[in-house]
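Engineer: So you can see what is in the structure, the chains are spelled out below.
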Amino acid sequence: MTTRSPGELIVTRLSRFGRVLRAGGLEVGPGRIQDALLALAAVDVGSREETYWALRCTLVSRHADLETFDEAFARFCDEALIDEPSLAAGGEAEKPEQQAGEGQLPETTDQLTPDSPTPREAEDEEPEAGEAGIRWSAVERLRELDFARYTDAELQEASRLVERTARAVPLRFSRRLRTAADGPMFDKRRTLRGAMRTDGYPIERSWRRPRLVPRKLVFVVDVSGSMQPYARAMIMFMQAAVRAGRRVEAFTFGTRLTRVTRELEGRNPDRALAAAARVVRDWAGGTRIGANLEVLNDEWGRRGLTRGAVVVIVSDGWERGDIKGMVQEMKRLRRMTHTLVWVNPLAGEPGYEPLAQGMAAALPYIDHFLPGHNLNSLTALAEVLESLPSRHRHTAPTALRR
Amino acid sequence: MAQQLAEHAYLVDTGLATVLSVALSVGKPLLLEGEAGVGKTECAKALAEMLGARLIRLQCYEGIDVSHALYDWNYARQMLYIRTLEAAEAATSAAVTDVFGPDFIVRRPLLEAIDNDDPRPPVLLIDEIDRADDEFEAFLLELLSDFQVTIPEIGTIRARRRPVVILTSNRTRELHDALRRRCLFHWIGYPSLEREIEIVLARIPGVPEQLAAQASAFVAGLRNEALGKAPGVAETLDWVQALCSMDEQTLEPEIVGATLGAVLKSHEDLEHIREESLSERVARAREAGARAR
Chain R
601 MTTRSPGELI VTRLSRFGRV LRAGGLEVGP GRIQDALLAL AAVDVGSREE TYWALRCTLV
661 SRHADLETFD EAFARFCDEA LIDEPSLAAG GEAEKPEQQA GEGQLPETTD QLTPDSPTPR
721 EAEDEEPEAG EAGIRWSAVE RLRELDFARY TDAELQEASR LVERTARAVP LRFSRRLRTA
781 ADGPMFDKRR TLRGAMRTDG YPIERSWRRP RLVPRKLVFV VDVSGSMQPY ARAMIMFMQA
841 AVRAGRRVEA FTFGTRLTRV TRELEGRNPD RALAAAARVV RDWAGGTRIG ANLEVLNDEW
901 GRRGLTRGAV VVIVSDGWER GDIKGMVQEM KRLRRMTHTL VWVNPLAGEP GYEPLAQGMA
961 AALPYIDHFL PGHNLNSLTA LAEVLESLPS RHRHTAPTAL RR
Chain A
15 MAQQLAEHAY LVDTGLATVL SVALSVGKPL LLEGEAGVGK TECAKALAEM LGARLIRLQC
75 YEGIDVSHAL YDWNYARQML YIRTLEAAEA ATSAAVTDVF GPDFIVRRPL LEAIDNDDPR
135 PPVLLIDEID RADDEFEAFL LELLSDFQVT IPEIGTIRAR RRPVVILTSN RTRELHDALR
195 RRCLFHWIGY PSLEREIEIV LARIPGVPEQ LAAQASAFVA GLRNEALGKA PGVAETLDWV
255 QALCSMDEQT LEPEIVGATL GAVLKSHEDL EHIREESLSE RVARAREAGA RAR
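Here the protein sequences come in this chain order: R and A.
Residue 601 is where the first sequence starts when you use the numbering used here, and the numbers rise one by one after that.
Residue 15 is where the second sequence starts when you use the numbering used here, and the numbers rise one by one after that.
The shape of chain R in the complex, shown without the other chains (with noise of 0.2 Å):
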């Protein structure tokens, strides 16, 4: 090894340290390092304290990947005691894991995904005009068929289908302003400007209103054992509806409430339905709904996530913990959102009654109850959001109206 000058030592290990965070899922890109550099320059290197703090402001920017940080700078700075050559083991040594990780992959990973044609591929094959009938039934079909009797392939061509419903948005008025032909708003500075055409006499007068913006939409999706043949059609729902929506959150529940919103984002969808299910830890686990809320509610919708949004809760209602606490959760959980959905895909079977304990007990504090068993009551869901009012809810809930 030729000998290197300090400065290009801690160049090249601040770059092979960027990457193992990267490996970890940072986002570290060569600004990032320049930053940690000058970072570098203005504190003492001599100091593991301050060193860890100027790399960790320049190069993690959220909560969440403070761990990942910590966790890498430890054994980073461990291993820059001994010698360099390890250095590079160090960056290596990720990878196994990783793979270790998908490893240990639930097996729905690859009902998720399967081998077959992207649906973008699958849209260049589009059928020939004589195909075009049996096609065309062959949708009809699908749009009727109970998602736990889907194949792989028949979820494949239902994931295009979804595509077009999930755009559906509830809407609510914005502080912000648009131009109008008529309005409630004056427009002071159109006005004024329009003068300038009439000698500063204001004849031309302006008019502005609140614009109409995406509501806040949040999904909360069951994927224990019970759930387990609906939970894949609606993951692909929530995949394509966060695709298409500005404001969309997901959430899975079992046993643990898990945050996927940033898991679905991004064009391709196999690809996200993966990276969904690798976070996803309780694929096919039981289920303790009011805990799960307690957790929404505590951790995401005190910081703000569910005020005033459209909550959609996708579930059978089997409550294995206590409904009392459920039933808590609900109310705090009805209080802070705009619109509370329900959907259960056992409703849609004929001559069902909510006798799962949980649903019984929940089914107060809902507006709207739903049933999510095949297409069709996907693309009714979609209906019910887009046509929900852009205005605050004045009704109370049925328990309270008794």
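Hints listed in this document are in silico derivations from the structure and should not be mistaken for laboratory results.
Just so it is clear, the structure is predicted and the values come from calculations on it, not from any experiment.
Beta carbons are placed, not taken as given, at the ideal position from N, Cα and C, and that holds for glycine.
Take these hints with a grain of salt, some might be off.
Said to hold, decoys possible - Keeping only pairs whose Cα atoms sit at most 25 Å apart, straight-line, the calculated DSS-like set for lysine-lysine is:
# : chain 1 : residue 1 : chain 2 : residue 2
1 : A       : Lys279    : A       : Lys243
2 : A       : Lys279    : R       : Lys924
3 : R       : Lys931    : A       : Lys279
4 : R       : Lys931    : A       : Lys243
5 : A       : Lys243    : R       : Lys924
What the hints assert, rightly or not - Distance ranges between label pairs, derived from CB positions:
#  : chain 1 : residue 1 : chain 2 : residue 2 : range
6  : A       : Ser159    : R       : Arg778    : 19 to 29 Å
7  : A       : Ser81     : R       : Ala641    : 35 to 45 Å
8  : A       : Asn238    : R       : Asp782    : 52 to 62 Å
9  : R       : Leu666    : A       : Gly169    : 40 to 50 Å
10 : A       : Asp129    : R       : Tyr801    : 29 to 39 Å
11 : R       : Val879    : A       : Glu149    : 22 to 32 Å
12 : R       : Pro784    : A       : Glu223    : 53 to 63 Å
13 : R       : Thr979    : A       : Leu284    : 37 to 47 Å
14 : R       : Gly625    : A       : Glu223    : 44 to 54 Å
Mind docking chain A on chain R? Use the hints.
Structural biologist: What follows is chain A alone, placed relative to chain R:
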């Protein structure tokens, strides 16, 4: 850094002190996140005092736009000017351009931060950026990367010296990656018990040391409970202030019961804590407080 800030009654740990000095020397905006009431806004105030600079604060809210944050035209004045010119029959084309000149601009915080005659660059606090919407965030991006703004009628105004920029967020909304990329980031957590006692003593002059320790320990205990909203340092300070004004020397269960509303702000949380015996909780806080001192 920590010492200098301490002179302005703002106590920081090594982490924040290092991050602040890095932010000053690198010249990048600093994004502060953390639970409500941990002193994100106070940090900017103390920094401004320490630097002897002016603090310019922009409170964000939904729907905030350029005319609230950057500049607006003074319409009434423009109108009067036009009328006066007319009466004097002096309405020349030059006079009309005047109407859209610097004299008729209402300067809002962002313009003030960029264009000023301060002896030192001001500290610009963009508070609760998560409350503003995506469009405003996109507009801020441009400002924070170049420190210049363009007013169509006047031209581009460039900052002669960059202001020190602090952004705070309560994470009610995920900020855009592009904004995060332009900022340094720091997460402010709850302080340790010892640190919190120091903060109370520094912030509230004349507080009995024993009371400060016991109250801080009591609040620290509350943070371990499953509460809807855990109390922040701001709540501790409010509460101790209230206790001080009642001339309390130590924490007594009855007084705690009566003043708990200064610490816990929701009915459910109050109920939850009152279920358990307050006197036991107070006794524990007294012990912990004595140990911390």
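Engineer: State for each hint whether it applies.
Structural biologist: Cross-check of the supplied hints:
About 8 Å separates the Cα atoms of Lys279 (chain A) and Lys243 (chain A), which keeps this hinted pair within 25 Å; it holds. A distance of roughly 23 Å separates the Cα atoms of Lys279 (chain A) and Lys924 (chain R); the hinted pair therefore holds under the 25 Å criterion. For the suggested pair Lys931 (chain R) and Lys279 (chain A), the alpha carbons sit about 18 Å apart, so the restraint of at most 25 Å is met. Among the hinted pairs, Lys931 (chain R) with Lys243 (chain A) is consistent with the structure: their alpha-carbon atoms are about 17 Å apart, no more than 25 Å.
This hinted pair checks out: Lys243 (chain A) and Lys924 (chain R) have alpha carbons roughly 21 Å apart, not beyond 25 Å. Restraint check, Ser159 (chain A) to Arg778 (chain R): a C-beta distance of roughly 28 Å satisfies the suggested window 19 to 29 Å. One distance hint, 35 to 45 Å for the beta-carbon pair Ser81 (chain A) and Ala641 (chain R), holds here, with the actual separation near 40 Å. With their beta carbons about 58 Å apart, Asn238 (chain A) and Asp782 (chain R) fall inside the hinted range of 52 to 62 Å.
In this structure, Leu666 (chain R) and Gly169 (chain A) meet the distance hint of 40 to 50 Å, their C-beta atoms being roughly 43 Å apart. Against the hinted window of 29 to 39 Å, the Cβ-Cβ separation of Asp129 (chain A) and Tyr801 (chain R) comes to about 33 Å, which satisfies the hint. Roughly 30 Å separates the CB atoms of Val879 (chain R) and Glu149 (chain A), a value that falls within the hinted 22 to 32 Å. The given range of 53 to 63 Å is respected by Pro784 (chain R) and Glu223 (chain A), whose C-beta atoms sit roughly 59 Å from each other.
In this structure, Thr979 (chain R) and Leu284 (chain A) meet the distance hint of 37 to 47 Å, their C-beta atoms being roughly 46 Å apart. At roughly 46 Å, the beta carbons of Gly625 (chain R) and Glu223 (chain A) sit within the given window of 44 to 54 Å.
Of the numbered hints listed earlier, not one is contradicted by the structure.
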